[in-house]
Amino acid sequence: MNVLAEVQGKSLVERARQAAAVAGQFADDVDREGRFPHEAVAAMKEARLLGIQVPVHLGGEGASIADIAEISSIISQECASSSMIFAMHHIKLSSEVEHGIGDAWHEGFMRRVADEQLLIASSTTEAGIGGNLRNSICGIEVEGDICRLTKEATVISYGEQADAILITSRAHPDAAMTDQVMTVFLKGQYTLEKTHDWDTMGMRGTRSEGFLFKGEAPKEQILPQPFAEIAAESMLAVCHILWSGVWYGIAVNAVARAQDFVRKAAKANPGSMPPGALRLAEVSSKLQLIKSNVIAGLQKYDEAKANPASLTSMGFLVAMNNIKLASSQGVLDVINHCMLIAGIAAYKNNTPYSLSRHLRDAHSAQIMISNDRILSNTSNLLLAHKQNTSLLG
Amino acid sequence: MKEQIRDLLSKHGTLPVAVSDIADDADLYAAGLSSFASVQLMLGLEEAFDIEFPDHLLNRKSFSSIQAIEDTLKVILEEEAA
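Just so you know, the protein sequences line up as chains B and V, in that order.
Each residue of the first sequence is one higher than the last, beginning at 1 in the numbering used here.
Each residue of the second sequence is one higher than the last, beginning at 1 in the numbering used here.
Errors might be hidden in some of the hints.
[As the list claims (entries may be wrong)] Okay, derived cross-link-like pairs now, SDA-like style, lysine to any residue, Cα gap no bigger than 25 angstroms in a straight line: (1) B:Lys348 / B:Arg32; (2) V:Lys61 / B:Asn132; (3) B:Lys214 / B:Arg148; (4) V:Lys74 / B:Pro308; (5) V:Lys61 / B:Thr378; (6) V:Lys61 / B:Ala231; (7) V:Lys61 / B:Ala171.
Hints listed in this document are in silico derivations from the structure and should not be mistaken for laboratory results.
Produce the complete structure using the sequences and hints provided.
Have a look at this one:
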């Protein structure tokens, strides 16, 4: 209890920095070996960061999505894989916090997440759905008090390390593909048989392997609200915002490294402006655009939450899609620019200015929910939604 | 009005079930209405009723059932008449 009091006496940002420092220490090893960042996740648990989103009355700290985006960005500045795991955990937890309150089992689960610092993984992707998470092929079977599910889950990030998995399926085996539910399965209630490995360009620590999932659990672990509503009312927005927080963190650290390079050059040649200085000024403006974009997303989400109908409005969906597009493209633009500033020192591994890991990690941004899919979704919405022409509205 | 909505739904809804089998208050998303189809349906409604959907009615709820679509259309027709 004293440990808890000590941890909670510190601000969220202080606790995030504590975990980020550990993540940074092992980031290169995690990347090189393509292994789970267990030290960083242990540090997150020690700093009690996995349960902060849980409401206070259920043993958490009621942290906002803005708080969590800030922490994602802080950890990402040291290790993007660790930060992405933190963000994905909180995206799943947001589905519980937004849609599980008032339900005895789900409230109990949230308590456990806060008390025991459980790590939650997600399984939405399935073989044969073409990457559209709003479709499922597998259907959950309910028999008496028990539900059973088998899913060809082609990607479950940190599936092996998680303490629970939130998994989508059809509401029953004969339901339409879009008639989905999401169910919590706790470790011990499922088996995972590995089908796809995770040897990737970047984000190597998320261990997003594919599995044949087989689970059996009490049926109250199925979230009562249809997944269509969970996705529309909270999950997609939280996802785009928290991912953007992760990508912003990668960009911030790339710019910090480029700035260190320019300042070192300035000190080596007093009185003259280093060659990269102008480019640094340029990239600082690009970074600010990403930051403004994420902040605008957070504000829009807060406003929409106060008025639930607008959470599913086309205008809000267009805005959230745009935030994901802009930050996922912007981070690559920033890193490329920083590469020009630090040149070979950025291109090489094992220099203080190296951007290899940053660049490879950031390339995941455009394909985590493919930007082409998001563009085609927005183009459809724009057949209906007319843009808001006011600057502040 | 419901008959016209049903006609447009069968034309644009690309549902896996027959529109005649769907009750007025049944959840169209659960019946398989995709976001692409809901926009196509909205364009069809705009054309058929010579109206324009205002942004505040472009949300999931407006297209959630045949009854909800009719209610939404009535609101729009009233707003446009006013």
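Hint check:
Of the pairs offered as hints, the one joining Lys348 (chain B) and Arg32 (chain B) holds, with about 14 angstroms between alpha carbons and a cut-off of 25 angstroms not exceeded. A distance of roughly 22 angstroms separates the Cα atoms of Lys61 (chain V) and Asn132 (chain B); the hinted pair therefore holds under the 25 angstroms criterion. Restraint check for Lys214 (chain B) and Arg148 (chain B): the C-alpha separation of about 8 angstroms stays at or below 25 angstroms, so the hint holds. Distance restraint check for Lys74 (chain V) and Pro308 (chain B): the Cα-Cα separation of roughly 22 angstroms lies within the 25 angstroms cut-off, and the hinted pair is therefore satisfied.
The hinted pair formed by Lys61 (chain V) and Thr378 (chain B) meets the criterion: a straight-line CA distance of about 19 angstroms does not exceed 25 angstroms. Restraint check for Lys61 (chain V) and Ala231 (chain B): satisfied, since their Cα atoms lie roughly 14 angstroms apart, inside the 25 angstroms limit. Of the supplied pair hints, the one linking Lys61 (chain V) and Ala171 (chain B) holds, its CA atoms being roughly 20 angstroms apart against a limit of 25 angstroms.
The structure meets every hint from the earlier list without exception.
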